[in-house]
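Visitor: Sequence:
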Amino acid sequence: DLHGGQVANRARLLMSIVDACIGVWGADRVGIHMSPLDWQYGIQDSDPIELFKQLAQMLNEQGVAFLLVKQASDNEHVVAQIRDCFDGTLILQQDDQQYDNACQTPLPDGADAIAVGPSFIIESRGS
64 DLHGGQVANR
74 ARLLMSIVDA
84 CIGVWGADRV
94 GIHMSPLDWQ
104 YGIQDSDPIE
114 LFKQLAQMLN
124 EQGVAFLLVK
134 QASDNEHVVA
144 QIRDCFDGTL
154 ILQQDDQQYD
164 NACQTPLPDG
174 ADAIAVGPSF
184 IIESRGS
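Numbering (the numbering used here), first residue to last: 64 to 190.
Treat the hints with caution; some may be incorrect.
The calculated label-pair distances, taken between Cβ atoms and stated as ranges, are [what the hints assert, rightly or not]:
| # | residue 1 | residue 2 | range |
| --- | --- | --- | --- |
| 1 | Pro171 | Asn72 | 15 to 21 Å |
| 2 | Asp91 | Leu170 | 20 to 26 Å |
| 3 | Pro171 | Ala83 | 31 to 37 Å |
Quick caveat, the hints were computed from the structure, so don't treat them as lab data.
Just so it is clear, CB atoms sit at the ideal spot from N, CA and C, and this is done for glycine as well.
Take these sequences, add in the hints, and give me the full structure.
Guide: Below, the structure written as structure tokens:
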């Protein structure tokens, strides 16, 4: 169908949503959260690195404000390849990143910021 096979087809739904959001708010106020190699709910791709690289390039061409990329310990190489394809702000969400550590450690190569929201919320609740 129109949403399977080649990366361009598999990206069609996301890009349609991005286009609609840009039409309402402008590209400088639209961001995307990506989770390469995060296989939740049994969903996975046959070639995730190529998929996410091409998505990053397509989103770069659209001029979206930022990508938030969930970075697990085993996908640093994917994040580096996404950075090569995307010129905008790249925010990393690291699985084990704690708020206090994030404030005191240098940014990983290619990152413009670190997302600490989930760990900050958990820590602030005292859990």
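Visitor: If a hint holds in the structure, say so; if it doesn't, say that too.
Guide: Now for the hints, and whether the structure bears them out:
1. Pro171 / Asn72: 15 to 21 Å: violated (32 Å)
2. Asp91 / Leu170: 20 to 26 Å: Once the Cβ atoms are compared, 22 Å apart, the range 20 to 26 Å for Leu170 and Asp91 holds.
3. Pro171 / Ala83: 31 to 37 Å: Once the Cβ atoms are compared, 32 Å apart, the range 31 to 37 Å for Ala83 and Pro171 holds.
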